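Peer 1: Protein sequence lines, in the order shown, are assigned to chains A and B.
Using the numbering used here, you'd call the opening residue of the first sequence number 33 and step up by one each time.
Using the numbering used here, you'd call the opening residue of the second sequence number 4 and step up by one each time.
Hints in this document: simulated from the structure, not taken from any laboratory.
All values reported here derive from a predicted model rather than from experimental measurement.
Some hints could be false.
[Stated by the list, open to error] Straight-line distance between alpha carbons at most 27 angstroms, and here's what the computed DSS-like set of lysine-lysine pairs gives:
(1) B:K435 - A:K35
(2) B:K435 - A:K242
(3) B:K435 - A:K344
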Amino acid sequence: MGKFVLRRLGVMLLTAIALTFVVFYLTNLPPNLEKLARTEGSVRMSEEAVQDWIEQNGHSGSVFGRYGQWLGVVPGWTYTDEKGDTRGRCFAIGQDAAAAPTYCGLLQGDWGYSTFFKKPVADSLGEKLAATGWLMLAVMLVMVPTSLFLGVLSGMREGSATDRTLSTFSIASTATPEYVSGVVLVALFATAATGISPLLAEYGLIEPKKTLFLASATSAMEDITFWNFALPVMTIALYGIGYIARMTRASMTEVMTQQYIRTARLKGVPFRTVVMKHALRNALIAPFTVIMLQFPWLLNGVVIVESLFNYKGFGWTLVQAASNNDIPLLLACSCVAVVVVLLTQLISDIGYVFLNPRIRLA
Amino acid sequence: MDFLTWTGTAGTTLVPVLQLAVVVLALALLARFIFALAGLDGPRLPNPDGTTTGRSPGDLASLAIRYSFYAALAAILCILAAGAVMPSPVEAGILGAMAVRFWPVWLALIATFVLSIRFRRKLGLYGKLFDSTVGMIGFAIVMFWIFTAIFAGTIATYDPFSQIAGLKNDAPGVLVPDGGYGWYLLGGDHLGRDVFSRMVMGAREVLKIAPAATLFAFMVGITLGLPAGYFGGKLDTVISFLANLVLAFPVILLFYLLVTPEIRDTGIPIVLAALLFIFPIIFLCTLWNSRYYTNPPRRNLYVGITLLIGLWAYSGLAFNMDPLGIWSMEPNMLNVFVSVVFVNSPGVFRIVRGLVMDIKARDYVAAGQTRGEGAWYIMLWEILPNARGPLIVDFCLRIGYTTILLGTLGFFGLGVSPDSPDWGSTIDDGRKLLNLYPHPALAPALALMSLVLGLNLLADGLREESLKD
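Could you build the full structure based on these sequences and the hints that come with them?
Peer 2: This is the structure in structure tokens:
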């Protein structure tokens, strides 16, 4: 077990380094750097001035060297211009170059400076991650119990009318990407023009010109209420519910055909007890893996939903960083995303062994 | 300003019927669910004296669901059919008028179904699809959109790009002042373009890329997955590591990095295209070579033809250097296409690898090996045909997934021209004014959802039928 975890951690580290290098390479391509030079310096810079700017700000040289600097294993760049002023990666203009540390990168806890937010990446990313954390928590609280419940209910009696109805629902919900369900939900619940809000207003159940839910989740940044948070959460959860419910159903139907279930039924144990005591625990092992592996998908959903509902969390930051060519912020975002994906894979593997004692890892 | 009604003259009688049916359906579904929870839907078991008791409450609710569903369906069909026979869109209503516009699609669908059901016993897995209701429904939806894409020119009422300033964000069924068809059936978007025509034309945009990209992803996945699963060892470790690397990337981040205007200057899409587009040629050449190895003239002919056509298309598609100028791809499109293939292939690779590892332990593979068949012959002509069931099912699912990915790209405005009518970018255009005018975003959203749903249902039907073998 220990050896397995160590080997997995090794592969994980290798994957993380490879992935961050790919992101670093793609964000630091020459056209991106030229664009950065023009946004940071001036738009009307000549070709030569752009090249000078790139050189004077530590973006020249081999890409491996620059990646090493970002990681913190290669000394940070310094540049002394003809006036004798020294600038460098590890200190601000005007600070003493000699007193500054030689290395400053990820390993030293320096994530760089965000050109979009105009403050250190670590500060801005922290609060955005907290906002997304709340969203994820709410999604998990809605998605996991609902999908497990639906899956168990339809897998309990394979082929019954309940099973077919719920299966159709799950297929429909996996066929609806977030940007579609978001639009449909807003049109149904959050506009004063169509859907059920005008009807409710007509019956006097809600105030006129008000809507049942809010189509923008910006106000949820300060204060989460059911009114402003329900739609984004439902939009992300719907896509996952169908998938997890289908997996749970498959696992449940398999368990229900096992010998020990038949034995219990023949002994005269009531169906309800058979499901609750004998089947459920065995049927919930496989969905655990599925739920853990669902996290990378949630990440996707978070990006779409946060842009759709204007909720300023991690996904929104990723979109802003990418569209504003904010290299340090984008790198940090991808680091977070990659770590989340790899960690959930590891947890799902290890958790599976704990839940299913029949499997032994060498 | 004049507007069409949704259901026309037939609607005055049929809409109340439809409303009643829908309300009953909703209540019955709720009741069914509650009975299922309360355990009141058990199977009808005979009493000890051989008689059976009456229907359980669950059964009654099921009956109610079935009949109210049929009633609702019948009401909708009547509205559409009534619209089709009415002389003008005013009496037909929006739904009826749309049903009329789609006439080539209905004809083609009916022809397809009549012919397929007539000859279904001679058509293999495709024919068996018509034994499963779910499969048939899925197939019908998918074919509906395929025929829509083919006949989009006849169906569309207006040019998808022409703007009429007076009709910005106008509601569905608005009267168009200057000539042409006369009405914007699904209203106008934020630039005064016809939402209906854009949705129809969007089907063409989506169906042009998604199946082709999926096919390429399958070629890459199969060509790499077969040897990785069959030989195992170092080769498998290296390719699997690379595949996992791509799979660990959040898809959206990858798109933001790969599909940008700047990246085209660096030539990375062309390098990727050169790498990915060579796989179909390798696949086909190995396929012919392993089959006709013992018959060199024929082998040379097939491999020669493949190389000739393949490399000709390759030079045009990947490098845009086709000497005859027939094969070409806009840089925009190439970038999107390559990224989608790149994101999809590792998934296919994993499935193929798993299937091969399972199948290579079978007796017929061992028999082939003792007969002295070559490794590639066994992989391509013994293992691959026996893995076709799961692969066909995955192909259907993956086209749906690719459609979703393309929509995501459009939604973030990546890689497509700004006024392209494809569904993703139309949804993105519409969402800015979603609160006030939901209709421009709703039409493409429902179209995309129905296409993906159709593909999923089709895959489900195929899986069911292929498991029966």
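Peer 1: Taking the numbered hints from earlier one at a time, note which ones the structure violates and give those numbers from smallest to largest.
Peer 2: 1
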